Amino acid sequence: MAEGDVAQPGTQPGTPADVPGAASAKRHVGQILVAAGVVVFGAALAYGTALLPEATGYAKVGPRLMPTIVSGGLIALGLVLLKEALFGGFRGVDEVEAAANPTDWRAIAWISAAIIANGILMVPVGFVLSGTLLFVLAARGFGNTAWVKNAMIGLVIAVITYAFFNYGLGLGLPRGILPV
Amino acid sequence: MEVLTFLANGFSLALSLQNLLWCLVGVTLGTAVGVLPGIGPAVTVALLLPVTTKIDPSGALIMFAGIYYGAMYGGSTTSILLNTPGESATIITAMEGNQMAKRGRAGAALSTSAIGSFVAGTLTVVALTFVSPIVVDVALRFGPPEFFALMVLAFITVSAVLGESALRRLTALFIGLAIGLVGIDNQSGTARFAFEIPQLLDGIEVVTVAVGLFAVGETLWVASKERAIVDAVMKMTDSIWMKAEDWKRSWKPWLRGTAIGFPFGAIPAGGAEIPTFLSYAIEKKLTKYPEEFGKGAIEGVAGPEAANNASSTGTMTTLLALGLPTSATAAILLAAFQQYGLQPGPLLFVNSADLVWTLIASMYIGNVMLLVLNLPLVGLWVKLLEIPKHLLYAGILIFATLGVYGMRQSAFDIFLLYAIGLLGFMMRRYDFPTGPVLIGMILGPLAEAQLRRSLSISQGDWMIFLQKPLSATLLAITVLVVVGPWLMKKRKKN
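So the protein lines, in turn, are chains A and B.
Residue numbers for the first sequence follow the working numbering, beginning at 1 and rising by one.
Residue numbers for the second sequence follow the working numbering, beginning at 1 and rising by one.
Keep in mind the hints are simulated off the structure, nothing from the lab.
Some hints here could point you the wrong way.
[As the list claims (entries may be wrong)] Not the full set, but computed from the structure, chain A residues with beta-carbon under 10 Å of chain B:
(1) F41
(2) T49
(3) S71
[To be verified] In the EDC-like style, the derived pairs of lysine to aspartate or glutamate whose C-alpha atoms are separated by at most 16 Å in a straight line are:
(4) K288(B) - E245(B)
(5) K225(B) - E97(A)
(6) K225(B) - E95(A)
(7) K225(B) - D104(A)
[As the list claims (entries may be wrong)] Coverage of chain A stretches by chain B, computed from C-beta distances (three or more under 8 Å per stretch; other residues unrestricted):
(8) 77-90
(9) 102-108
(10) 116-123
In this text the structure is predicted, and so the values were computed from the model without any measurement.
Backbone N, C-alpha and C define an ideal beta-carbon position, used for all residues, glycine too.
With these hints in hand, go ahead and build the complete structure from the sequences.
So this is what it looks like as structure tokens:
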């Protein structure tokens, strides 16, 4: 599927002037990084595979076989993706629309903080309170600043789910600093 | 007929009060998560996997299957009233159904999709009942080489074949295969890619990947685009009951959609959206009212919705009879079977016939329940759409961390959840489908086992896959599926 897919629908082959290499490369920096990431991931997997012990036994198939196939596949796919990213961009991905609709990184930061704090606090502080904090921070990520109201809603949800999963299903959620 | 005896037995078990209750819980939950944006059947089943330690296999699997096909019903409600397709398979409904809603025909659109889903659901369960024993008969003769060839075919049909995103689908599949490698290799006991981290030695939990990609990734995505997305819930102004004219225009599209959807669910060549697109194109061609298409033609909702629902039963057929998951939710259902030490596939029909037929019977019952839940009670579900986004997604995150932590009481998994959430966000941003990741992760280790078993039998000779006529045929089909569309494209160009 390497050659046949290259011409983008709509772009006429034979008019290379339409695709100025530098400009299109500039537009697709993100895509190039993603494609390169796939190649690097595949290469790292291949390196890890080489460190695995050799297969023993007469069949000569061991723990290395599947990782070899997967890493080889990832490197190959990453290279084809890289080719697409460099020449015209990923097929069917509208970068113009993406650019018109920028990512709100502050929202992502709030939600990232919410989940990471939850991972740190889950065991020492307990499910209920860390869940409440998660709820408040995530709601802030969506632009809502009604802290007190959100904290109360979050607390109610956390208590109900804690009761249901901990006592109903015996999931063993951390109690933390709370008495029950 | 032997099948009918099995089915009757299945019904007698499925109609027990306990199993009816699990079925009702499943389809109700399924409808709810189908309606709610940001959480789907795959995540819901994944989050509920811990219940497998508490309830018996038939109860849990009846509930999980109910969530799966129930979500197909609920999803159409959101598409019609909100115009934001929850998943690619409801793009058409979001288009045509929302147009109907704009013209004050939301009730008719909701009802043709609910009844169409019921017709498709029921007819395809009948098909499943009679087709799966035949498939099982064939598959019982399969050895490791045949199963491996079949899995290769499944990998290819799930990920590649059609559409501009084929390359990205395939990449997603391979990322999933890589995730599936992590942990101790079952056959040799070698630790792979675990970096001596105890949590990784046990492998990465399916729950963490499913919830990370779908729930956390989706939350990050929606939050990052919050300013740009404006949703307005449409009001239902007309009656939910269809007029005679609507019935007349709907029943043929229902049947045609069913016929298209079932095989595409069983062998999803190019993704779940293909049968709905096909059905839409056919209805557009056959209709007496072509001018209404694009402005809210009832056929354009009836056909694709039936196709969508039929494909989910097709997927169940492949999962039960062959043990192959062809959608993300089916992959999680497979994981649920594995929690009980069960492996779907032909042997399940032999060894756990009661369980299989109870599950199949429950699908007949579940579809009736869903019709009631989604027609007279549709107003209830519409209220779910009015939950403010910040509360909805914050709540989803609480459930996400709960399910992931609860799986093995490890805070490490929450950080892993976040990392996979970021991966899901990036995949969403660059239009990589996330479903194939899950299929690769769950089917990968099974394929590896079959591959190594085959090569042990043949003492390392790869020709074994070509010497067995069945596996050679399956591989030939795989090659055809890959090369066929490419050759056709080439020919068109010249």
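So, going through the hints one by one against the coordinates:
1. Because the closest C-beta pair between F41(A) and chain B is about 7 Å apart, less than 10 Å, the hint holds.
2. Given the 10 Å rule on beta carbons, the hint for T49(A) holds: about 8 Å separates it from the nearest Cβ of chain B.
3. Residue-level restraint check for S71(A) holds (minimum Cβ-Cβ distance to chain B is 8 Å; threshold 10 Å).
4. A C-alpha spacing of about 13 Å is found between K288(B) and E245(B), which places the hinted pair at or below 16 Å, so the restraint holds.
5. With a CA separation close to 12 Å, the supplied pair K225(B) and E97(A) stays within the 16 Å bound.
6. For the hint linking K225(B) to E95(A), the alpha-carbon distance of about 15 Å falls within 16 Å, and the restraint holds.
7. Note on K225(B) and D104(A): the hinted pairing holds, with a Cα-Cα distance of about 6 Å set against a maximum of 16 Å.
8. Coverage of a stretch by a chain is defined here by at least three residues with a beta carbon nearer than 8 Å to that chain's beta carbons; for the stretch 77-90 of chain A and chain B the count is 6, and the condition holds.
9. Coverage of a stretch by a chain is defined here by at least three residues with a beta carbon nearer than 8 Å to that chain's beta carbons; for the stretch 102-108 of chain A and chain B the count is 5, and the condition holds.
10. Under a criterion of three residues with beta carbons nearer than 8 Å to beta carbons of chain B, the stated coverage of the stretch 116-123 of chain A is upheld, 6 such residues being counted.
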